[in-house]
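**Student:** Chain by chain, the residues run as shown.
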Amino acid sequence: MKNTLRQVFHSSKFVAGFIIFVGILLLITFYPLFHPGNPLDMIGVGTFAEPGTYVSLYDSVGTDTETLKLPDAADKRLDAVLGKEDRIKMVAWLSAMEVDIEGLDYMDTEALMDLWRANYDDSARPNGMTKAERNYYKRLNESLSSMGAGGQMKVFENDAAGEEQQIATITPEDYVNVKNVANTKTLVLGTDNFGRDVLKEMVSATRTSIMIGLIAGVVATAIGLLLGLLSGYMGGFVDDAIMFITNLFTVVPSFILLILISYSIGQEQRGASVVALVIGLTSWTWTCRSVRSQVISLRNRDHVNLSKLSGHSLARILLTDILPYIASYVVMAFILQVSSGILSEAQLSLLGLGPKTTEVPTLGLMMNWAMLYSAHLNGSWWAYFPVILMITLISFSLNLMNTGLDQVFNPTLR
Amino acid sequence: MKTEEEMNVRGQEIISEAPAAGESATVSLDRRRDVSGNPMCISGKGVTKIFGSGKKENIAVNHVDFDFHEGELVSIVGESGSGKTTLSKMLLGLLPVTEGEIYFRGEKRDISTTRKKKEYWKNIQAIFQDPFSSFNVFNKIDTVLLDCINMTGGKNLPMEKKTEMMTEACSFVNLKFAELTNKYPFELSGGQMQRLMIARVFLLKPKILLADEPTSMIDACSRATILDMLLNLRDEIGMTVIFITHDIGLAYYISDTVYIMEHGRFVEHGSADEVILTPKAEYTKRLISDVPKIHEAWDLSTVE
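If you read the protein sequences in the order shown, they are chains U and B. Heads up: the first sequence begins at 1 in this note's numbering, then just goes up one per residue. Heads up: the second sequence begins at 1001 in this note's numbering, then just goes up one per residue.
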């Protein structure tokens, strides 16, 4: 046993997979301790807030300011305001006015602004430009020039009497220390369509998905192992009967079966564990078949014959003379079942047949939400990409462990 | 082809050759016994085994009759595929008999239920060809031997008594029990494992021992030792030994009775002297002539 473990941990593939998987387990164990709270809390009102640190504008106004005169502040401000589209439009205007724009990099704010200031004329009428377009340029120019001028802002507050009272004047050189702002929030992966913290949701979803995988794996392996052992060892009628059932399950694609069962159970009854059970009940067939074939090759071995001659019971022969010989194989089958259980849950949930959406998030449900709210169309990568990455990492690490085990155990049946 | 006379001469030569060199020279002709007066231990009438059916039908054992006496050492000799192992599996009750009856101590053998099977198995044990696959590699040697004691009703004996029995069994086969405790069977050599197998039988004391080519995977030196122990064991327990082998020379030295098997049939049987010295069947003559001899070109002309 000790020797076997040492052998297993000498396999670099197994170790790599093991480290990734343990990393994921540590993440789902410790992240919720440091960031407690319901992962399904809708903290954002809008949809799909981008990842980043959010600083309360309201609190910033009251916070003590420092005056910093930074030389490139104005340019940065322009940079932030000037979108890519605006820049392309500006270049279009310049070229329509036959200005020499040879060698101009439109992302170079300073060069672009110099040319713009020198050449923009709101009375000019470039060829083929509609009035609406000319008005757009007028507005753009106004906002650009006000930015450059760097005017002050005044902040008013409604007092008790409903009168507007000026409470602060903000100049371009006023800065607040983020530390001193009462409310800031870092959303590492932004928010999803319901305004929920994607990272927190994903950690919780990973935990649920791994649990679903484990339950499905245990159920599938237990059924497959039991039927495989009986069918392989006993042969004859028992074998025929069990293989008939197994073939029935194999011929009907298990995913179709999974969809039908999930659908007939109904949304309200489908908790995470029910889904796990359904996945387990439909995916045991290949474990059964492969365990059976291994047992058939073992059942005529001399040590099994000797055990029979010694008058040992069926259960004892199966447990002591056959099961230990296929144990490594069963562990490998179990790992693959866990991995495919997680993937099955993701597929089911993506179709909207996963666990009910009000209790716990799962990786599949998160993908389903992202798809329903077109995250992939409006560029909100953070709503689905980390989830895909997590699913990939889990099944990658499990498969890597499996390959490692395969290398250690496969050469013979030991 | 050799002439019949030449073949008979070859039979005489085998006898004149010394037994295989080894630690023990006790494998000699004087250990044969005449057991024809003993009561019948196991016998068969028209025992047949057919694998498959229809076009794929394969008759492995074809209506064989045999009578093995108590305390007899019977060799069943035949080439690969002649049905020796199938017959042995049927005798052990591991394979169902297609046709015919096996009689155990004069009565029809009944192994129709699990309970009756277990009852029958108390009387018969086996030693198989490959010692490396005969042990469950997950059980320690202690477990293997303790199991035998528990099976023969020694479950409630004190541990000291059990250890004493195991030590006795091991010393019977020249093994030291103290050195074997907490070891696994696969840590031993092939010869040691086969001896441990014999120690196991020593503890179980069955009525019948079925030895299916027990020495064919063992080197020549250990072979004589193992055979010696097998003979000692027979003398000790007084059981019937059914020795299955393809080596007719070996069968001659140790057996009281020899059965020659070809294509699922017994072509000849009788006392070892009868069969080897005055073979009647063509097949027996061929088997005898195929035994290689040192210092002489090996005539393979009879090999098909």
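Hint data in this document are derived by calculation from the structure and do not stem from the laboratory. Just so it is clear, CB atoms sit at the ideal spot from N, CA and C, and this is done for glycine as well. Treat the hints with care, since some could be wrong.
[Stated by the list, open to error] Cross-link-like lysine to any residue pairs, in silico, SDA-like; alpha carbons within 25 Å at most: (1) B:K1117 <-> U:Y54; (2) B:K1055 <-> U:S307; (3) B:K1117 <-> U:S307.
[Said to hold, decoys possible] To be clear about the criterion: a stretch of chain U counts as covered by chain B if any three or more of its residues have a C-beta under 8 Å from a C-beta of chain B, and this derived list gives those stretches: (4) 138-146; (5) 290-303.
**Student:** So which hints don't hold here, by number, going up?
**Tutor:** Per hint list: 1, 2 and 4 violated.
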